[in-house]
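**Student:** Chain by chain, the residues:
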Amino acid sequence: MTAMREEQLQRVPTATTYSKDYWQGLKLAVPVILGYLPIAISFGVLAVQTGISFFHSLLMSMTVYAGASQFMALNMLAIGTVGLEIVLATFILNLRHFVMSISLFSRLEHIPKRWQAVLAHGITDESFALASMKREELGSRPTAAIYLGIFSGAFGMWVIGTAAGAMIGNVVPGALSDSMGIALYALFIGLLVPAIRAYWKIGIIAAASAGLSWIFSMYFSEGWAIVLATVIGSFAGVWVFKEAEK
Amino acid sequence: MTLTLIIIAMAIVTYLPRVLPVFILEHLHFPAWVNKWLKAIPYAALGALIVPGIFTVEPGAPFVGVIGGLAAAVIAYFKGHIMIVIVASIVIAFIIQQF
Numbered sequence: 134m135t136a137m138r139e140e141q142l143q144r145v146p147t148a149t150t151y152s153k154d155y156w157q158g159l160k161l162a163v164p165v166i167l168g169y170l171p172i173a174i175s176f177g178v179l180a181v182q183t184g185i186s187f188f189h190s191l192l193m194s195m196t197v198y199a200g201a202s203q204f205m206a207l208n209m210l211a212i213g214t215v216g217l218e219i220v221l222a223t224f225i226l227n228l229r230h231f232v233m234s235i236s237l238f239s240r241l242e243h244i245p246k247r248w249q250a251v252l253a254h255g256i257t258d259e260s261f262a263l264a265s266m267k268r269e270e271l272g273s274r275p276t277a278a279i280y281l282g283i284f285s286g287a288f289g290m291w292v293i294g295t296a297a298g299a300m301i302g303n304v305v306p307g308a309l310s311d312s313m314g315i316a317l318y319a320l321f322i323g324l325l326v327p328a329i330r331a332y333w334k335i336g337i338i339a340a341a342s343a344g345l346s347w348i349f350s351m352y353f354s355e356g357w358a359i360v361l362a363t364v365i366g367s368f369a370g371v372w373v374f375k376e377a378e379k
Numbered sequence: 153m154t155l156t157l158i159i160i161a162m163a164i165v166t167y168l169p170r171v172l173p174v175f176i177l178e179h180l181h182f183p184a185w186v187n188k189w190l191k192a193i194p195y196a197a198l199g200a201l202i203v204p205g206i207f208t209v210e211p212g213a214p215f216v217g218v219i220g221g222l223a224a225a226v227i228a229y230f231k232g233h234i235m236i237v238i239v240a241s242i243v244i245a246f247i248i249q250q251f
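Protein chains in written order, with the working numbering: chain A, 134 to 379; chain B, 153 to 251.
One should not assume that every hint holds.
Said to hold, decoys possible - Derived contacts from chain A toward chain B, CB cut-off under 8 Å, selection only:
1. Gln-157
2. Leu-159
3. Gly-168
4. Pro-245
5. Gln-249
6. Asp-258
7. Ile-322
8. Arg-330
9. Ala-331
10. Lys-375
To be verified - A short list of chain A residues far from chain B (calculated; beta carbon distances all over 12 Å):
11. Ala-148
12. Thr-149
13. Tyr-151
14. Lys-160
15. Ser-175
16. Met-209
17. Arg-229
18. Ser-234
19. Ile-244
20. Lys-246
21. Phe-261
22. Lys-267
23. Arg-268
24. Ala-297
25. Ala-308
26. Ala-328
Said to hold, decoys possible - In silico DSS-like cross-links for lysine-lysine, where the CA-CA straight-line distance does not exceed 25 Å:
27. Lys-153(A) x Lys-246(A)
28. Lys-191(B) x Lys-334(A)
29. Lys-160(A) x Lys-231(B)
30. Lys-334(A) x Lys-375(A)
31. Lys-160(A) x Lys-267(A)
32. Lys-375(A) x Lys-191(B)
33. Lys-191(B) x Lys-153(A)
34. Lys-231(B) x Lys-267(A)
35. Lys-191(B) x Lys-231(B)
36. Lys-231(B) x Lys-334(A)
37. Lys-267(A) x Lys-246(A)
38. Lys-153(A) x Lys-334(A)
No lab work stands behind these hints, which were simulated from the structure alone.
In this text, a Cβ means the ideal position worked out from N, Cα and C, and glycines have one as well.
Given only the sequences and the hints, what does the whole structure look like? Please build it.
**Tutor:** As structure tokens, then:
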């Protein structure tokens with residue numbers, strides 16, 4: 134094992150290979166880059182209309198970089214929530230990236246850990262899905278550069294879109310920005326429906342937690358309702374996926 | 153300042169689950185049911201996020217979100233690109249609001 138590792142380490146790719154790989158990654162990321170534009174703009178617009186400064190909108194997109202939790206934070210800030218509740222809801226909501234990260238990095242053990250740590254920041258539902266679907270294009274031993282291309286492309290558009298949205302936020306008419314609020318739900322539906330189409334019982338998990346979320350929202354704040362419904366509703370998966378194996 | 157701290161805390165709790173596998177992957181062995189539970193979390197989160205939130209896209213007019221969401225579901229079901237799903241639902245929600 135170690136002997137094999139050393140042999141592989143000796144075949145160090147040249148700088149031109151890295152830049153070629155980076156551009157290839159960037160090209161692969163085009164669907165996500167395009168898909169992020171309206172959502173990022175919506176986020177910027179809604180952030181400013183919620184009363185968040187340009188600086189804070191951009192800071193959130195750069196450091197948190199997780200669409201659903203950013204919109205949720207806006208929602209919670211709009212209804213006057215401040216502090217621990219937002220942080221905990223963000224944590225639970227983004228815990229799913231843990232699973233994606235396990236899946237991604239189990240195939241990238243040949244990449245130095247410091248580069249893996251950089252790539253980890255770029256894991257989102259969409260970039261992970263893309264990186265998982267494009268295994269053939271990535272080859273058997275993909276470089277950090279090609280992943281850097283995919284992830285930085287998506288990240289770059291998210292940040293640029295946020296900035297653009299935050300700049301025009303105050304001139305966008307209320308009717309249009311309300312309509313843009315649906316972009317997030319359209320994205321969620323756009324991610325969920327193909328999964329249910331591929332395996333209908335995933336719909337049971339989503340429906341269970343949707344029902345719980347509705348019930349909990351009558352008794353708790355929106356943030357807690359989402360957190361509780363996700364944690365409890367996903368237990369349906371223990372039953373659903375067990376059935377699937379038979 | 154408070155908001156800055158909230159955002160930094162959000163960033164930390166988001167980055168930790170993303171980066172943790174890089175360092176602990178060799179030592180991880182979950183029981184089967186935990187794997188299934190983890191596998192279901194994305195779908196459960198999506199369900200919990202869509203309902204009841206979609207009813208409040210336009211306050212006081214829940215049908216705006218419902219019709220926009222149904223349009224998104226139909227387009228997604230027939231394998232429309234995610235970009236088309238998003239733009240179409242924005243356009244439909246905007247048109248409905250004009251009435």
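**Student:** Quick check for students: does the CB of Ser-175(A) sit more than 12 Å from each CB in chain B?
**Tutor:** violated (8 Å)
**Student:** Is the Cβ of Lys-267(A) farther than 12 Å from every Cβ of chain B?
**Tutor:** Its Cβ never comes within 12 Å of chain B, the nearest being 15 Å, so this holds.
**Student:** Is the nearest Cβ of chain B still more than 12 Å from the Cβ of Phe-261(A)?
**Tutor:** violated (10 Å)
**Student:** Check the hint pairing Lys-160(A) with Lys-231(B) against an upper bound of 25 Å on the C-alpha distance.
**Tutor:** holds (22 Å)
**Student:** At 12 Å, judged by beta carbons, does Thr-149(A) keep clear of chain B as stated?
**Tutor:** holds (27 Å)
**Student:** Taking the shortest Cβ-to-Cβ distance between Arg-229(A) and chain B, state whether it exceeds 12 Å.
**Tutor:** violated (5 Å)
**Student:** Regarding the assertion that Lys-246(A) does not contact chain B, is the least Cβ-Cβ distance greater than 12 Å?
**Tutor:** violated (6 Å)
**Student:** Take the C-alpha atoms of Lys-191(B) and Lys-231(B), compute the straight-line distance between them, and say whether it is at most 25 Å.
**Tutor:** With a Cα-Cα distance of about 23 Å, the restraint between Lys-191(B) and Lys-231(B) holds, given a limit of 25 Å.
**Student:** Is the nearest CB of chain B more than 12 Å from the CB of Ile-244(A)?
**Tutor:** violated (9 Å)
**Student:** Please verify whether Lys-375(A) and Lys-191(B) have alpha carbons no more than 25 Å apart.
**Tutor:** Holds, because 12 Å separates the two Cα atoms, which is no more than 25 Å.
**Student:** Check the hint pairing Lys-231(B) with Lys-334(A) against an upper bound of 25 Å on the C-alpha distance.
**Tutor:** holds (19 Å)
**Student:** Would the least Cβ to Cβ distance between Ala-148(A) and chain B come out above 12 Å?
**Tutor:** Its Cβ never comes within 12 Å of chain B, the nearest being 25 Å, so this holds.
The structure fails to meet hints 1, 2, 4, 9, 15, 16, 17, 18, 19, 20, 21, 25, 26, 33, 38 from the earlier list, while all remaining hints are met.
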